[in-house]
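Given these sequences and hints, build the entire structure.
These are the residues of each chain, in order.
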Amino acid sequence: MTTAEKLEAQESVKRWYHYYERHWGPPPDWDFKLKALARFAEFVGKEPDGMIKECLREVEGGYKKIRAKKRRFYIEKIREFEEQIGGFEGRQWANAIRSFFIHNGVAMSTDIMK
Amino acid sequence: MEFKEVVGRRRSIRFYQPWRPVEKEKIQTILEAARLASRAVNADFAKAIVLYRDQLSKEDLDSLKTPTTNVQLDTAPVCIVWFADLGAVPRLVQAGGPTLKQLVDVGALPPTHGWSHAYVESVIVPQVLSPIVQNASALVMLTAAEAALAVCTALYAAVDEGLGTLLTALNAEAVKRITNHPDDWMLLYGQLVGYPAESWDGGGQRPREPFEQDFFEMRYGNPFPRDPQVVDKLKQAKMIQDPAPLPWRRDEIRYLAQMFGLPL
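From first to last, the protein sequence lines stand for chains D and Z. Following our numbering from start to finish, the first sequence increments by one per residue and tops out at 114. Following our numbering from start to finish, the second sequence increments by one per residue and tops out at 264.
No lab work stands behind these hints: they were computed from the structure. Given the structure is predicted, the values throughout are model-derived calculations rather than measurements. Careful, some of the hints might be misleading.
[What the hints assert, rightly or not] Calculated cross-link-like contacts (lysine to any residue; reagent style SDA-like; alpha-carbon spacing at most 25 Å): (1) D:114 x D:87; (2) D:77 x Z:65; (3) D:46 x Z:264; (4) D:65 x Z:238; (5) D:114 x Z:253; (6) Z:238 x Z:252; (7) D:53 x D:80; (8) D:53 x D:42; (9) D:46 x D:25; (10) D:69 x Z:172; (11) D:69 x Z:69; (12) Z:65 x D:91; (13) D:64 x Z:168; (14) D:14 x D:30; (15) Z:47 x Z:96; (16) Z:65 x D:30; (17) D:65 x Z:66; (18) Z:176 x Z:186; (19) D:77 x Z:171; (20) Z:26 x Z:181; (21) D:77 x Z:59.
Listed below in structure tokens is the structure:
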């Protein structure tokens, strides 16, 4: 099984694709997105499902609540990841990760590019 | 702009031209409009502090953000922070109802309707307003609702000035630290103001529930009938506009995301 296949088997990655596609159509750069996620997973030493599980906790009524500290942790890690690559390219890689979190229900913010 | 069109053009704008400042006279016009909004007992419930993005440090700007209030705060050059002044009615009671007496004096509250200084002193202040001051939830509800009328007027004034605008949540602790507002001012919203980077119509008028679901005649359950001819007239007056999403909206967001370097 390739890294991409392993990633696509993760629930959080399926959810990402599903919600992205629902609003924006099939992602034309899906391979790039998976590559970025794989690289970020290596960067933080976590599986995608694990990252999302860390950020969301189940609450009464079947809802999920965001763990603010974990969210902030990943915002910071994505920023570091972006800086490591640098420039516009870094932003593209980092935005793929942000998209992964956003479509899993973890709002991710970033500064605008000037 | 005609009033109906102002109502029809209002959208919550979430992308602003970060490079284009807002003229100070337009900000003043927005505040002047808010000052003239309807307000119970003529008390000054609404208070505002104007923040200029470029005069805030990056740390202060970031501290105001919530998880989904980020791009708009980075791009809007002005944020009018609106408060409900919980001290407005208590001050009025303590002073014996001066703003009401003023309304009697200028003929806005005439004796034809039972108004007099004596009525203000013996009935309104001790029997109507004092109990509200003693009841915290009633005081909060009245003050917030009255202040919101001013905020609503400010929104429409911004649209009339050709600006984009949006009410947004702000981090209350950061607002307190940055503005040093009085403790009895309750934070309501940040009203962002700027020139839209997205199209002014934001991709179409936002969805609303059916008219008859919200408005009734005489009794609940008896819907107020919606006359299609009136609807047509309001369409001509640009109050009712094409509903969202307009066909190009998603492409617009793609381009905006690319322009500002944002995720999709």
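| Holds or violated: residue 65 (chain Z) to residue 30 (chain D), with C-alpha atoms at most 25 Å apart | Measuring from Cα to Cα gives roughly 30 Å; hence the hint is violated.
| field | 25 Å Cα cutoff - pair residue 77 (chain D), residue 65 (chain Z) | value | Holds, because 19 Å separates the two Cα atoms, which is no more than 25 Å.
| request: Sort out whether residue 172 (chain Z) lies within 25 Å of residue 69 (chain D), counting only the CA atoms. | output: holds (18 Å)
| message | Given the hinted pair residue 47 (chain Z) and residue 96 (chain Z), is their Cα-Cα distance within 25 Å? | response | Distance ~22 Å between residue 47 (chain Z) and residue 96 (chain Z) Cα, so the pair holds.
| query | CA of residue 77 (chain D) to CA of residue 59 (chain Z), is that 25 Å or under? | reply | holds (18 Å)
| request: Take the C-alpha atoms of residue 77 (chain D) and residue 171 (chain Z), compute the straight-line distance between them, and say whether it is at most 25 Å. | output: holds (23 Å)
| task | Given the hint that residue 64 (chain D) pairs with residue 168 (chain Z), test it: the Cα-Cα distance must not exceed 25 Å. | result | holds (23 Å)
| query | When you check the alpha-carbon spacing of residue 114 (chain D) and residue 87 (chain D), does it fall within 25 Å? | reply | Holds, at about 11 Å.
| task | Quickly compare the C-alpha distance for residue 65 (chain D) and residue 66 (chain Z) to 25 Å and report which way the hint goes. | result | holds (15 Å)
| request: Could you grab the alpha-carbon distance between residue 53 (chain D) and residue 80 (chain D) and see if it respects the 25 Å cut-off? | output: Between residue 53 (chain D) and residue 80 (chain D) the Cα gap is close to 21 Å, so the pair holds against 25 Å.
| task | Would you check the hint for residue 26 (chain Z) and residue 181 (chain Z), treating anything up to 25 Å between C-alpha atoms as holding? | result | The hint holds at about 23 Å.
| If you draw a straight line from the CA of residue 69 (chain D) to the CA of residue 69 (chain Z), is it 25 Å or shorter? | Roughly 17 Å between the alpha carbons, so the hint for residue 69 (chain D) and residue 69 (chain Z) holds.
Hints 4, 9 and 16, counting from the list given before, are not met by this structure.
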